[in-house]
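A.B. asks: One-letter residues, chain by chain:
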Amino acid sequence: MTPAEVDERIRTLIEPFNKKGVAIEDSTTFAGDLEFDSLTVMDFVAAIEDEFDIIISMNQQAEIENWGQLVVAVHKLQDS
Amino acid sequence: MTDTVTAETAAEPVDLLAKFDPIIQTREALLAAGVEDPFNLVMEQVLSPTRAICNGRDTILLGTYNYMGMTFDPDVIAAGKTAMEDFGAGTTGSRVLNGTFRDHRDVEAALREFYAMDHAVVFSTGYQANLGIISTLAGKGDYIILDIDSHASIYDGCAMGRAEVVPFKHNDVEALEKRLKRIPEGAGKLVVLEGVYSMMGDVAPLKEMVRIAKAHGAMVLVDEAHSMGFIGEHGRGVAEDQGVIDDVDFIIGTFSKSVGTVGGFCVSNHPKFEVLRLVCRPYVFTAALPPSVMASSATSIRKLMHGGNKRAHLWENSRTLHKGLRDLGFKLGTETPQSAIIAVIMPDLEKGAMMWEALLKEGLYVNLARPPATPAGMTLLRCSLCAEHSAEQVQTILGMFERAGKAIGII
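First to last, the protein sequences are chains A and B. The numbering of the first sequence is the working numbering, which starts it at 1160 and goes up by one. The numbering of the second sequence is the working numbering, which starts it at 25 and goes up by one.
Check before you lean on any hint, since a few could be wrong.
[Said to hold, decoys possible] Rough simulated footprint, nothing fancy, chain B against chain A, three-plus residues with beta-carbon under 8 angstroms: (1) 1178-1189; (2) 1192-1201.
[What the hints assert, rightly or not] Straight-line distance between alpha carbons at most 30 angstroms, and here's what the computed BS3-like set of lysine-lysine pairs gives: (3) A:1179 with B:193; (4) B:164 with B:238; (5) B:164 with A:1178; (6) B:430 with B:385; (7) B:430 with A:1178.
The hints are simulated quantities; they were obtained by calculation from the structure and are not laboratory data. Note that the structure is a prediction, hence the values are computed from the model and not measured. Ideal Cβ placement from N, Cα and C applies to all residues, glycine included.
Chain B on its own, in the form it takes in the complex:
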């Protein structure tokens, strides 16, 4: 052993970022064509749930998941302000140590009321809710059977728990059943489904899938992130709408969509559910959300229980935009409007980025979604509607799509 390393024996440094060179090149090529960077947009001012100043322009927001427009609800804002003044800016600690304040308990009570379920656990984000619950439920030797188009947080939860992951073709009931039949007898089984799939905005056949999962002795988890607040009689999601919510063991949701704040949660009637607070690492080893966020969320959730009129207007907006875009000749992700998401299918990434930019210049923000987030390598312009979009705004949006689509040569 010597203290010095000679020049001859020094190992060549390996750049760990070199593997991302193809992504850097794709991005540079896109920007070199003169397109505004779709993944670097700044909202300089937010004027309402549906309007912001983006990159210096007054812009209609049609890609924010702010389905029920709760971000500017006066009661939601007031509750957050009061909690911040009374409890401070942050928790500086884990939920299991010093990070559970009055309002963390209250928001979990609000969730139990909203879903009429026995237990609710709040996480710092929806991503962490999936990561934590899935990885803790299904460990080595267990099986997770999931839709191939599941969200990244679901896949990451599977990887973290090291369960055997068995995907099936998107929304294919028969493919799910075949796989369930082949799982070794006696193995733990968790079927993971989503109510609304966020890329195409399509709804899952939960009625059949939950029945089949139960018939094969599997536990069922449904992510209802994109349905809470406006699908189902009480806004509890697709499982409620299709009449199978009582057979779902775990519902995952988020505050960053209809609720209008940030945070994630899991609700359940399982008698042993509370043990997860002790064993779920993404719950234990992270800081609890600020009290202001909890108070705003609790107020918002309770208001969503009485949001019938807003819900009806949101569906009206979804139907009008879907029909309008189809009549203009755009190719859409679903035959009928199934949710508050309408995906417009672009011929390729280049045309998609051009269309995205043309819309932004018209004063409209939508999400540009591309692989690997999208199924089948598609490029999508994803529109998510808000209950606060006025009927006039929807017509304005259609005019913008028509002009941009003709300019780019898509319609």
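With the rest of the complex left out, here is chain A:
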């Protein structure tokens, strides 16, 4: 799967969590721009993990602050 395809699939997954309909770019942050609390992060991460059959550990999550970083990380994980 290409990074663009990964991006597209996660974009569908984030819809129910993006309640204010924030426009998402690579620099969009989860804590700041999207105002995700820890519970939302857990549910969103679980949705991605189930979709791609991967694990994103809390250690890895700590390194992911914005959309661009998430796409890169998921692309790398589903490839391995």
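Mind docking chain B on chain A? Use the hints.
C.D. replies: Chain B alone, transformed into the frame defined by chain A:
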């Protein structure tokens, strides 16, 4: 290089405490509203396991984790007094150097008897037991799969050991299984669960979870801090109650709840368990508990083995309070009483603090719990019952909740 720094090049000092400004502001706003500080209560006198003089008022204690009321047990106090006179006030040393006295060995023997297990190691607190055992078992490259609502000491143990941390949704058996399936083959796996979750007072489905963990080749650690002494046939906790205690590799517990003293422990049947005394840093690099605490704890643990009547009364108290609060119209953390903790859900922090204060003025102490300790950003008034609460006290407590709840407009 010069010896002096000119004014132009001197760096601006950065206040490392500035990051806590939002917390300082929240607290100041709360206190400015005239509420007594919920996190600065002083017990001027403690009259019994269930009564104290708090901030000058005679108060019923309903938030102390003193489940079995052992703090004032005459035998527990006598054992501590004797040990203090015979062995002194403190150990002034680590367990692995000069800090293992007769009673440290004896309390570990009492734990082996209580749990019918081969090994027991005592730590200075329950927090340190989790910190030490988890960080030592699971290191870099290993995986820890844990419930998202795990206690801070569990998360801190994970961080200290630098294992990969994989959380799953609270008490969700399927979510646990999915994650276990995705862990790379050959990696070390530790599943960390709690018997009773202390914020809501709910019990974990250990029967299914332990089975699944074992089926995937993981080792299992269960924290039974809030169940020891009154859940399970012998009071060994939720794992005993659900019939899976033999499949649990490590049980973590504390003396600061049912036992009524202070200290933490881990019990296990693992043949290599004793090596942890040499490699577990929070065990090695801290002072051992005072001999009086060890003697009191050993006496208390052995008395808890025969605490059947007290246990029955504690459950009766839990059921009465749960039903009474629900009938009054309060929203509770669990549908049924599952433990000695009953969490009353508050609409928000402001109302919660007002309700907490109104109860204190009525003469009742409960815990005000708020994020980040609570799940889902909830504010809770957490009640923990004691086997020494009388049936009359429970009725008095319900009356206090009714008056305070109506005054604040929650019911």
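A.B. asks: Could you run down the list of hints and mark each one as holding or not?
C.D. replies: Hint by hint, here is what the structure shows:
1. 1178-1189: violated (count 0)
2. 1192-1201: holds (count 4)
3. A:1179 with B:193: holds, 24 angstroms
4. B:164 with B:238: holds, 22 angstroms
5. B:164 with A:1178: violated, 37 angstroms
6. B:430 with B:385: Judged against 30 angstroms, a Cα distance of about 14 angstroms means the pair holds.
7. B:430 with A:1178: violated, 35 angstroms
Checked against the numbered hints listed earlier, the structure breaks hints 1, 5, 7; every other hint is satisfied.
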